[in-house]
Amino acid sequence: AQSVAQPEDQVNVAEGNPLTVKCTYSVSGNPYLFWYVQYPNRGLQFLLKYITGDNLVKGSYGFEAEFNKSQTSFHLKKPSALVSDSALYFCAVRDYGSGNTGKLIFGQGTTLQVKP
Amino acid sequence: DSGVTQTPKHLITATGQRVTLRCSPRSGDLSVYWYQQSLDQGLQFLIQYYNGEERAKGNILERFSAQQFPDLHSELNLSSLELGDSALYFCASSARTDSGNTIYFGEGSWLTVV
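Residue numbers (the numbering used here), protein chains in the order written: chain A, 1 to 116; chain B, 117 to 230.
If you're looking for bench data, these hints aren't it; they were derived computationally from the structure.
Here the structure is a predicted model, which means the values were calculated and not measured.
C-beta atoms are modelled at their ideal positions from N, C-alpha and C, and glycine is treated no differently.
Misleading hints may appear alongside valid ones.
Unchecked claim - Restraint-style ranges between C-beta atoms, simulated for each label pair:
id: 1; chain 1: B; residue 1: Thr123; chain 2: A; residue 2: Lys77; range: 32 to 40 Å
id: 2; chain 1: A; residue 1: Ser70; chain 2: B; residue 2: Ile128; range: 30 to 38 Å
id: 3; chain 1: B; residue 1: Asp117; chain 2: A; residue 2: Glu15; range: 24 to 32 Å
With the hints as extra help, turn the sequences into a complete structure.
Following this line, the structure appears as structure tokens:
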């Protein structure tokens, strides 16, 4: 079965410092990976995705993610964190197991706290 | 704005009652997904429709049902509500189900069962 894991419940970083939110995946076949962000009392907003091609994927709000096949990881990164980046971040994998439905399977989420 | 519209945004109802959550997908999107977000369970997939047909079922209770109408909007019906059903219910949509398609989420419907 397809799955993703986010090993950190919370990540704390100072404003201006680089940030990394970790995600590892387990899939049979090719991984199709996504990052979403949820601001307080808001819906999930799409940040970026990896389907194929370059291992470094650029997305919205200055975020990027690095796909690493050997380490089965898809970590979210940003060179310089902003206080406004504080939110809940979800990694997800597209499920093409039985039924080939393409639904998303989410990790448990990581709260990012950026302090001024 | 993702283009996915959910109503109502907030709903408070009593145990034992029935509610209907409505979702309008992005224009042209054929696939609709429903998710439940609760503090202890995280984001759980409930059910998926594609062009009016049920495509996949996840952790959806028998008390819950959904459908997708010919105009592609979808409704999630929750009945015999229990306190534990209190959660944020998301609808999402995508044009198709292949890998390259991004799935976009609505703002969610907050359900509180008292």
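Cross-check of the supplied hints:
1. B:Thr123 x A:Lys77: 32 to 40 Å: The hint (32 to 40 Å, Cβ to Cβ) holds, given that Thr123 of chain B and Lys77 of chain A are roughly 36 Å apart.
2. A:Ser70 x B:Ile128: 30 to 38 Å: violated, 50 Å
3. B:Asp117 x A:Glu15: 24 to 32 Å: Taking Cβ atoms as reference, Asp117 of chain B and Glu15 of chain A lie about 27 Å apart, which means the hint holds.
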